[in-house]
Structure formats: structure tokens, C-alpha cells
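Chain by chain, the residues:
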Amino acid sequence: MCGIVGLFLKDKSLEPELGRLLSDMLITMTDRGPDSAGIAIYGAEAPGFAKITVQSPDPARDFPGLDGRLAAATGVTVELAVKDTHAVLTVPEASLEAVRAALATVAPTVRVMGAGASVEIFKEVGLPRQVVERFGIAAMAGSHGIGHTRMATESAVTTLGAHPFSTGPDQCLVHNGSLSNHNNLRRELKRGGVTFETENDSEVAAAYLTAAMRGGKDLGKALEGALADLDGFFTFVVGTRSGFGVLRDPIACKPAVMAETDRYVAFGSEYRALVNLPGIEEARIWEPEPATVYFWDHAKAA
Amino acid sequence: MPVFDLAVAPLRDLNAALHAVGAGANDTHFEVINPRGHHAVAVGADAPVTIAVRGSVGYYCAGMNSEAAVTIHGSAGPGVAENMMSGTVVVEGDASQYAGATGRGGLLVIKGNAASRCGISMKGIDIVVHGNIGHMSAFMAQSGNLVVLGDAGEALGDSLYEARLFVRGSVKSLGADCIEKEMRPEHLAILADLLARAGVEGVAPSEFKRYGSARKLYNFNIDNVDAY
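Protein sequences, first through last, are from chains S and D.
According to UniProt numbering, numbering within the first sequence proceeds without interruption in unit steps and concludes at 302.
According to UniProt numbering, numbering within the second sequence proceeds without interruption in unit steps and concludes at 228.
Hints were generated in silico from the structure; no laboratory data involved.
Every value quoted in this text rests on a predicted model; they were computed, and no experiment measured them.
Treat the hints loosely; a few may be bogus.
[What the hints assert, rightly or not] Simulated DEER-style distance windows between Cβ atoms:
{"hint": "1", "chain 1": "S", "residue 1": "G48", "chain 2": "D", "residue 2": "V3", "range": "30 to 40 Å"}
{"hint": "2", "chain 1": "S", "residue 1": "L227", "chain 2": "D", "residue 2": "N221", "range": "33 to 43 Å"}
{"hint": "3", "chain 1": "D", "residue 1": "V3", "chain 2": "S", "residue 2": "T153", "range": "40 to 50 Å"}
{"hint": "4", "chain 1": "S", "residue 1": "G232", "chain 2": "D", "residue 2": "S173", "range": "20 to 30 Å"}
{"hint": "5", "chain 1": "D", "residue 1": "N219", "chain 2": "S", "residue 2": "P250", "range": "36 to 46 Å"}
{"hint": "6", "chain 1": "D", "residue 1": "D13", "chain 2": "S", "residue 2": "R263", "range": "47 to 57 Å"}
{"hint": "7", "chain 1": "D", "residue 1": "S66", "chain 2": "S", "residue 2": "H298", "range": "16 to 26 Å"}
{"hint": "8", "chain 1": "D", "residue 1": "I179", "chain 2": "S", "residue 2": "G232", "range": "47 to 57 Å"}
{"hint": "9", "chain 1": "S", "residue 1": "S178", "chain 2": "D", "residue 2": "S66", "range": "57 to 67 Å"}
{"hint": "10", "chain 1": "S", "residue 1": "P108", "chain 2": "D", "residue 2": "A7", "range": "42 to 52 Å"}
{"hint": "11", "chain 1": "D", "residue 1": "S173", "chain 2": "S", "residue 2": "V76", "range": "38 to 48 Å"}
{"hint": "12", "chain 1": "S", "residue 1": "R284", "chain 2": "D", "residue 2": "S170", "range": "43 to 53 Å"}
{"hint": "13", "chain 1": "D", "residue 1": "N26", "chain 2": "S", "residue 2": "S180", "range": "28 to 38 Å"}
[Said to hold, decoys possible] No more than 30 Å apart at the CA atoms, straight line, and that leaves these computed lysine-lysine pairs for DSBU-like:
{"hint": "14", "chain 1": "D", "residue 1": "K123", "chain 2": "S", "residue 2": "K221"}
{"hint": "15", "chain 1": "S", "residue 1": "K221", "chain 2": "S", "residue 2": "K190"}
{"hint": "16", "chain 1": "S", "residue 1": "K190", "chain 2": "S", "residue 2": "K217"}
{"hint": "17", "chain 1": "D", "residue 1": "K123", "chain 2": "S", "residue 2": "K254"}
{"hint": "18", "chain 1": "D", "residue 1": "K111", "chain 2": "D", "residue 2": "K123"}
{"hint": "19", "chain 1": "S", "residue 1": "K190", "chain 2": "D", "residue 2": "K123"}
{"hint": "20", "chain 1": "S", "residue 1": "K190", "chain 2": "S", "residue 2": "K10"}
{"hint": "21", "chain 1": "D", "residue 1": "K111", "chain 2": "D", "residue 2": "K216"}
{"hint": "22", "chain 1": "D", "residue 1": "K209", "chain 2": "D", "residue 2": "K172"}
{"hint": "23", "chain 1": "D", "residue 1": "K181", "chain 2": "S", "residue 2": "K254"}
{"hint": "24", "chain 1": "D", "residue 1": "K172", "chain 2": "D", "residue 2": "K216"}
{"hint": "25", "chain 1": "D", "residue 1": "K181", "chain 2": "D", "residue 2": "K209"}
[Stated by the list, open to error] Selected chain D positions facing chain S (in silico; Cβ < 8 Å):
{"hint": "26", "residue": "A40"}
{"hint": "27", "residue": "T50"}
{"hint": "28", "residue": "R54"}
{"hint": "29", "residue": "G58"}
{"hint": "30", "residue": "T71"}
{"hint": "31", "residue": "H73"}
{"hint": "32", "residue": "G77"}
{"hint": "33", "residue": "P78"}
{"hint": "34", "residue": "H135"}
Cβ coordinates follow ideal geometry from the N, Cα and C atoms, glycine included.
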């Protein structure tokens, strides 16, 4: 099964509520998958700075003084904000890759969950309510976000196997379904220089879209390509720095419901996930069509 | 008139009350409020009661219905009226995938659109959709009637048995062994009756085309033995 949710805000006055609304949506989807849960929030950007969300299996060992050690290794100022097993490192934009590289030697057990100007990603093994409380997601503000609660099929129940998967700057993906050609695609993407953290099929889908967007496609075009190149069952919800996309495979057996008002676009695996959104009674509610790309972009909004 | 507010009452209280309705009971109108996408609302009713569901529901609403008249004043999630035996189920909004799947009798009316696999493996149910239906509808449908006032998606009636399919709009493609068939007077009569019972006005049976089984997949064909 798996449950997925997404919320893309059009009305800026809702932005302080994003974390709370998305947390509530994800908790409602708990019985679609109890193994692990995660949320990506696209929050405020600080011009000239980038964020790296990292996770540690032993935060008490890895996080104290991590900012100082990274600063010593790279010569730039690193700001550290610890949230339970995760921490957000804020670094000068130009030094993002240098800090990321330094992490491998300074703190080799620390794993990167995602990075970019805006995105922060938090995911752990456990139920959605526990996971969102651990990371204080409800208090987070942002312009859009996606979430996932997992019933594992294709790889182990671990933090790294939890969704969202992020394989490019400010990009992330949640997936309900299973891909059947992920091993082949993974080999091809590796040949193109992509590195993978897990054996998970959904990570391959995320990396496929990242590679397509790196090649110059926008999210919409990348999703169109996915219809031709990915084999299997999927409903995807994808986030980029300013965009939000939804795609279902042509068979479309994985459920999806969407709602749109003047204030937001919302996605849920089930209608239940949407019932507490403001103004849902007046929203346009529909089931996304199979093999049809839906995407919204703040940067392209009229 | 029993009213179940699913914002506070457990779903099982509603379904248990429906199952407990005895022969000759007087209190036969049930109201369900705040369904909020709940699964399995009003499942397994087995008496001639009326049930009004005030809002949208999740999976499997009115499944296995016998005799009851259920109206969903909202949209329905996957599998509405799945395996219905008799009675009527009316969805005022849209229905998600596999509406009326495996239904054995009764009438399912969807006033909006139905998604993929509408009427899959239907076995005697009648389904009237005022809007469009999605792909793979009436897959392996065995008997009963599927009436669509709008358009049908890809692979309509794939591997069809003896269900009758009537579509007023376009059909994106027909599935294996499904063909257009002649509309005879008895079919027009069936259609007129179903349209009337489904509350459809101003639409003539002659506006529809009939589709059915070419009956080529019924029996093993010895010419295909090498394929196995």
C-alpha cells in the first residue's frame, strides 16, 4: 500500500500552517503503511545560503561540534540545527559541495537526506505521528511539501529506505507502488555517474527524474519521460524548489485524490487525508487521470 | 430515524445496526453524517431500509448490499457497491475505481464520472453512469448491463462474457473480444427501463451503441496449442 500526501500552497498566508496541515494529512494515512514515515518541507530560503539535511545513527556522537569540524575542514562557516536524529546544516551556497564532501571524512556515518536552497527532509522508521513529533514538523512553515508513510515491499525497513527520496538539489519524490525495471535503470543511471544510497526502487525513480532535469528538462517534461521509461506501478508526488508534480502509471491501480482551491493544491492517497484542509467543502476534487502529468510551479505561476 | 455521526460514533455501530434490522421493522431510514472518507460505510445491509450518507466516503461503501436503498450525497472511493446483491446504490458525485465490481444484482447509479475498471467482473448488476468511465471497464463482465451516458476509456469490455454494454459517447478502444453489436428492440426496452430507473431524463435509448462479446475467447482453440 503506502500512503502519500502533498500540499502546494498558492496563498502565502497559509505558509505558517504548512507543517501542521501536512502532518495531519500524513497521520490520517497511517494505516496505509506503518513501517517508516517522512516529510519534505520547502521552507524559507536565505539568499546566498544552502541547506543540507543530514541523519545520524548516533546523534549524540556525531552532531556535537559537527559545525566546527566541518568549518575547520572547509574553511567556511557552517550553522548547525539539530532535530533529533537529523540536523540541518546551513552553509554558503557556493560551498555546498565542499561541505558535502567533507562530511564523508569528518563524520562518515552521517548520511545526507537532501540538500538545496529550500528543502529540508526528515524521515525515520516508525509511525507518522511519532516521526512528525520527533522532528517538530507541525511547527514548520513553507510553501509546499510532500509526505509518505511506508508499507515496505522492495527494500529493507530502514531510515535510508524511507521516503521522500532526494537525489538532486531541492528535488524529492514519494512513491506508492513498485517498479519492475529499477535494476536495469539503476545500472544505466550509474553508468551516467549517478550514485545510489539504497537498493530501493523509488530511489531509482527519483534519480531518473533528477538526471532528466539535469539534462535540461523541466519537471513536467521529466515526468512525461518517466511514463515511457519506468515500468511498474506508481503514483508519484514530486517536489522541486518551486514546483509540485503528480504522475500515475497507465494502469493506475494505486489510489490518488486531488483537491484544488484558490489557496492550495492538495494530494492524498485517499480523500480522508484531505478532509481537514481549510475550505475542502468548496474545493474542486478529482481523481488524477492515468498516464497524465500534473504539475504546478510557483516560478511559472501567472 | 437512527442517525450515526461518524465523527463520534464507531463505524461498527452503524454497520451492526444495519445488520440487526429485523423483518417488519418500522424504523427503516438511516442517516449517516460526517463520513469524511471513512471506509466500509453501510456495508452488508440486508433489509429494505433507506440509508442517506451525507458526504464523501472511502473504500467499499455499500458493499454486498442486499435490498437497501443507499444514497451517497458526495463522492465514493474505490469499490463502491462491490459485490452488491440487490437494492439500489446512488452516488451523487464521482466514483473511484472498480465501482460495482463483481456485483450480482441491484442497480448502481453514478451521477458523476466513474474511474477505471467500472463494473469489472460484474455478474448481474445493472450500472448506470451519467458521466464517463475509465479504462478497463467491464473487464471479464459476465452478466448485467452497464450504461454510460458519456465516454468510455481504453479497453472497454476486455475478455467480456455476456454482460451488455451501452455507451452514448465515444469509446477510446475496445478490449479483446469486445465488439459493437446491433441494437435490437429488446435492447432499447432494457435501456429505456434502466434510464428511467436511474433518473435520466431527455436521453433516448436510440442515442446509445451496444457492445458485447464476440465469443471468440470462450473455448480453447486448438490452433493456439503451440502458444502454451
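Hints and how they fare:
no. : hint                          : verdict
1   : S:G48 <-> D:V3: 30 to 40 Å    : 59 Å, violated
2   : S:L227 <-> D:N221: 33 to 43 Å : 35 Å, holds
3   : D:V3 <-> S:T153: 40 to 50 Å   : 41 Å, holds
4   : S:G232 <-> D:S173: 20 to 30 Å : 22 Å, holds
5   : D:N219 <-> S:P250: 36 to 46 Å : 31 Å, violated
6   : D:D13 <-> S:R263: 47 to 57 Å  : 36 Å, violated
7   : D:S66 <-> S:H298: 16 to 26 Å  : 51 Å, violated
8   : D:I179 <-> S:G232: 47 to 57 Å : 32 Å, violated
9   : S:S178 <-> D:S66: 57 to 67 Å  : 37 Å, violated
10  : S:P108 <-> D:A7: 42 to 52 Å   : 51 Å, holds
11  : D:S173 <-> S:V76: 38 to 48 Å  : 59 Å, violated
12  : S:R284 <-> D:S170: 43 to 53 Å : 24 Å, violated
13  : D:N26 <-> S:S180: 28 to 38 Å  : 57 Å, violated
14  : D:K123 <-> S:K221             : 42 Å, violated
15  : S:K221 <-> S:K190             : 22 Å, holds
16  : S:K190 <-> S:K217             : 19 Å, holds
17  : D:K123 <-> S:K254             : 25 Å, holds
18  : D:K111 <-> D:K123             : 22 Å, holds
19  : S:K190 <-> D:K123             : 50 Å, violated
20  : S:K190 <-> S:K10              : 37 Å, violated
21  : D:K111 <-> D:K216             : 34 Å, violated
22  : D:K209 <-> D:K172             : 14 Å, holds
23  : D:K181 <-> S:K254             : 34 Å, violated
24  : D:K172 <-> D:K216             : 21 Å, holds
25  : D:K181 <-> D:K209             : 8 Å, holds
26  : A40                           : 12 Å, violated
27  : T50                           : 24 Å, violated
28  : R54                           : 12 Å, violated
29  : G58                           : 6 Å, holds
30  : T71                           : 18 Å, violated
31  : H73                           : 12 Å, violated
32  : G77                           : 6 Å, holds
33  : P78                           : 6 Å, holds
34  : H135                          : 7 Å, holds
The structure shown violates the earlier hints numbered 1, 5, 6, 7, 8, 9, 11, 12, 13, 14, 19, 20, 21, 23, 26, 27, 28, 30, 31.
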